[in-house]
Amino acid sequence: MQEPKESHGAALKQVLRYIRGTTSLGLLFKRTDKINLMGYSDSSHNVDLDDGRSTTCHIFFLDDCPITWCSQKQETVAMSSCEAEFMAATEAAKQAIWLKELLSEILNTEGKKVLLRIDNKSAIALTKNPVFHGRSKHIHRRYHFIRECVENEQVEVEHVPGNEQKADILTKPLGRIKFKEMRSLIGVQDVKKDNFKLKGENVELSLNKA
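Numbering-wise (this note's numbering), the sequence shown opens with residue 294 and increments by one.
No wet-lab data here; the hints were simulated from the structure. Using N, Cα and C, we set each Cβ at its ideal position, and we do this for glycine too. Do not take every clue at face value.
[To be verified] Have a look at the derived ranges for each label pair, beta carbon to beta carbon:
#, residue 1, residue 2, range
1, HIS301, ASN401, 18 to 26 angstroms
2, MET372, GLU451, 22 to 30 angstroms
3, LYS471, HIS437, 32 to 40 angstroms
4, ASN329, LYS421, 20 to 28 angstroms
5, LEU467, HIS301, 33 to 41 angstroms
6, GLU403, VAL308, 39 to 47 angstroms
7, GLU403, LYS471, 54 to 62 angstroms
8, ARG324, ALA418, 37 to 45 angstroms
9, LYS471, GLU449, 42 to 50 angstroms
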């Protein structure tokens, strides 16, 4: 709002054009007997040229549909892509624990271990190694929370190939074709009224994008 430029106006027009052209897109939630909670965590290392901070993101799915996601700049500068991914995984672990407890309360069942998928093998090794060494001793202690979660079997960390990393769409700007591919990968689809179906007790609920 301060000192607006023509570039800001062009960016605003682009956002409005995108919203106008995607009013029929949304998320489709299906009734199911199984509750499968899975998360994806990712980060982009040193994308901001001004302060060198990475962008942290995570997205959690209930079965095949995303229910919560986040993308934000990290508070401290990461020294490597491994460290950036490790810090992102810790933030994702916090959300995983909260979702696990919430589902347990709603369903009145014991919460299952949450699967968290990361595309950096070094960061995965760091989450499973309780020993402090040269690669991790400078990382703030609060980011080692995920190690405790893995040790207590609250969270399970698994490697996912980069082309299957669903959280990648939240880390950086993407080209038109890649963006559409990633948008489809996370479950955003056409949810026109014609697609609503009612079969006995099986109801498919579509929520339009805000």
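To see whether the hints hold, each was checked on the structure:
1. HIS301 to ASN401: 18 to 26 angstroms: Hint violated: Cβ distance 50 angstroms, outside 18 to 26 angstroms.
2. MET372 to GLU451: 22 to 30 angstroms: With a Cβ separation near 25 angstroms, MET372 and GLU451 satisfy 22 to 30 angstroms, so the hint holds.
3. LYS471 to HIS437: 32 to 40 angstroms: 34 angstroms, holds
4. ASN329 to LYS421: 20 to 28 angstroms: 23 angstroms, holds
5. LEU467 to HIS301: 33 to 41 angstroms: 21 angstroms, violated
6. GLU403 to VAL308: 39 to 47 angstroms: 43 angstroms, holds
7. GLU403 to LYS471: 54 to 62 angstroms: 40 angstroms, violated
8. ARG324 to ALA418: 37 to 45 angstroms: 39 angstroms, holds
9. LYS471 to GLU449: 42 to 50 angstroms: 29 angstroms, violated
The structure does not agree with the numbered hints 1, 5, 7, 9 stated previously, though it agrees with the rest.
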